[in-house]
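Q: Sequence:
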Amino acid sequence: MAAKEPGAGGREAAASKEVVLWREEARRFETPDCEAYLQYRLLAAAQPRSSSGGGGATQAAAVMEMAHTYVPGSKRGRGLAARLCDAAFAHARERGMRETAIDEYFKPIDKNAKIIMDMQLEKEEKQIKEMTKVMQDQIAMQREIASKRAQATAIESKDAQTQTSDKIAEGPPKEETMK
Numbered sequence: 001m002a003a004k005e006p007g008a009g010g011r012e013a014a015a016s017k018e019v020v021l022w023r024e025e026a027r028r029f030e031t032p033d034c035e036a037y038l039q040y041r042l043l044a045a046a047q048p049r050s051s052s053g054g055g056g057a058t059q060a061a062a063v064m065e066m067a068h069t070y071v072p073g074s075k076r077g078r079g080l081a082a083r084l085c086d087a088a089f090a091h092a093r094e095r096g097m098r099e100t101a102i103d104e105y106f107k108p109i110d111k112n113a114k115i116i117m118d119m120q121l122e123k124e125e126k127q128i129k130e131m132t133k134v135m136q137d138q139i140a141m142q143r144e145i146a147s148k149r150a151q152a153t154a155i156e157s158k159d160a161q162t163q164t165s166d167k168i169a170e171g172p173p174k175e176e177t178m179k
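Using UniProt numbering, read the sequence shown as starting at 1 and increasing by one per residue.
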C-alpha cells in the first residue's frame, strides 16, 4: 500500500488522486464533476522563423493564456488548483505552445470581491445585532407589562378583600339609611 501523504486528513493524497479532464470545446481543464476548472484562451502569436527558413518571415505559434482558475470552497486546500495548472502547462508543452497567465488581471477583481463580501457580511452582522437588541428590548417590555398586570391584579384583589372586610366590619345596614 502507498504511504499516506502528510497533511490534515490526507488532503494532499486526495488531490493527487483527483483526475483532471481536458475539454477542448469549452477550452477548460476541469474535474469530472465540473466544479473545479481552469479556463484558457488560445491566441496566435508571431515568432521569427529560424535562419534556415529564409528571410525575416514569421510563423504563427499558439499561446495558451490561462485566464481563470476556480476551485469551490469545499475542495480548497487540497492542491487542486495546482493540479489544474500542471495539467494545462503539460498540455501546452506537449503541443509546442507557449503559456502565459493573466492572474494579475484577476487579483484586483478577487480583492474587490472580497472587500465587497466583507462589507456585506459586516452589514448583515450589524443588522442581526440590531434585530437581536430590538427583540431583547421587546421581551423586556413584555415582561415588564406582565409584571405590572400581575401587580395590578394583586392590588385589585387586595382592594376587593379590603372592601369586603370593611363591609363585614360595618355590619348590617342601618334602617335610617334605607328609608
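Any given hint could be a false lead.
Unchecked claim - Derived CB-CB ranges, DEER-like: (1) PRO72 <-> GLU144: 21 to 29 Å; (2) ALA154 <-> MET117: 48 to 56 Å; (3) MET117 <-> GLY77: 31 to 39 Å; (4) ILE145 <-> GLU122: 30 to 38 Å; (5) ARG76 <-> LEU42: 43 to 51 Å; (6) LYS126 <-> LEU42: 44 to 52 Å; (7) TYR70 <-> GLU122: 22 to 30 Å; (8) MET117 <-> ARG93: 45 to 53 Å; (9) GLY77 <-> GLN127: 28 to 36 Å; (10) LEU21 <-> ARG93: 31 to 39 Å; (11) GLN136 <-> THR100: 53 to 61 Å; (12) MET131 <-> GLU24: 45 to 53 Å; (13) GLY77 <-> SER147: 26 to 34 Å.
As the list claims (entries may be wrong) - Below 25 Å or equal to it, Euclidean Cα-Cα: the simulated DMTMM-like pairs (lysine to aspartate or glutamate) are: (14) LYS75 <-> GLU18; (15) LYS75 <-> ASP33; (16) LYS114 <-> GLU125; (17) LYS114 <-> GLU99; (18) LYS75 <-> ASP137; (19) LYS114 <-> GLU35; (20) LYS133 <-> ASP118; (21) LYS75 <-> ASP86; (22) LYS75 <-> GLU30; (23) LYS75 <-> GLU144.
Hints were generated in silico from the structure; no laboratory data involved.
C-beta atoms are modelled at their ideal positions from N, C-alpha and C, and glycine is treated no differently.
Q: If a hint holds in the structure, say so; if it doesn't, say that too.
A: Structure-based check of all given hints:
Here the CB-CB span from PRO72 to GLU144 is close to 50 Å, at odds with the stated 21 to 29 Å. At roughly 55 Å, the beta carbons of ALA154 and MET117 sit within the given window of 48 to 56 Å. Our hint of 31 to 39 Å for MET117 and GLY77 is violated, since their Cβ atoms are close to 19 Å apart. Between ILE145 and GLU122 the Cβ separation comes to about 35 Å, which falls inside the hinted range of 30 to 38 Å.
Restraint check, ARG76 to LEU42: a C-beta distance of roughly 28 Å breaks the suggested window 43 to 51 Å. One distance hint, 44 to 52 Å for the beta-carbon pair LYS126 and LEU42, holds here, with the actual separation near 47 Å. The supplied range of 22 to 30 Å is met by TYR70 and GLU122, whose beta-carbon atoms lie about 25 Å from each other. For the hinted restraint 45 to 53 Å between MET117 and ARG93, the CB-CB distance of approximately 37 Å leaves it violated.
Against the hinted window of 28 to 36 Å, the Cβ-Cβ separation of GLY77 and GLN127 comes to about 31 Å, which satisfies the hint. Separation of LEU21 from ARG93 is about 18 Å and departs from the stated range, judged on CB atoms against 31 to 39 Å. Taking the beta carbon of each, GLN136 and THR100 are about 57 Å apart, inside 53 to 61 Å as hinted. Range check, MET131 to GLU24: Cβ separation about 51 Å, and the 45 to 53 Å hint holds.
The hint said 26 to 34 Å for the Cβ distance between GLY77 and SER147, and at roughly 54 Å that hint is violated. Between LYS75 and GLU18 the alpha-carbon distance is near 11 Å, which keeps this suggested pair within the 25 Å criterion. Taken as a hint, the LYS75 and ASP33 pair is honoured in the structure, with Cα atoms around 12 Å apart against an allowance of 25 Å. A hinted pair counts as satisfied when its Cα atoms are at most 25 Å apart, and LYS114 with GLU125 qualifies at roughly 16 Å.
Distance check on the hinted pair: LYS114 and GLU99 sit about 28 Å apart at the alpha-carbon level, beyond 25 Å; violated. Between the alpha carbons of LYS75 and ASP137 the distance comes to roughly 43 Å, so the proposed pair goes past 25 Å and is violated. Under the criterion of a C-alpha separation no larger than 25 Å, the hint pairing LYS114 with GLU35 is consistent with the structure, at around 20 Å. Using a Cα cut-off of 25 Å, the hinted pair LYS133 and ASP118 holds, with the two alpha carbons roughly 22 Å apart.
Of the supplied pair hints, the one linking LYS75 and ASP86 holds, its CA atoms being roughly 17 Å apart against a limit of 25 Å. About 13 Å separates the Cα atoms of LYS75 and GLU30, which keeps this hinted pair within 25 Å; it holds. Taking the CA atoms of LYS75 and GLU144, the gap is near 52 Å; set against the 25 Å cutoff, the hint is violated.
When held up to the earlier numbered hints, the structure conflicts with 1, 3, 5, 8, 10, 13, 17, 18 and 23 and fits the remainder.
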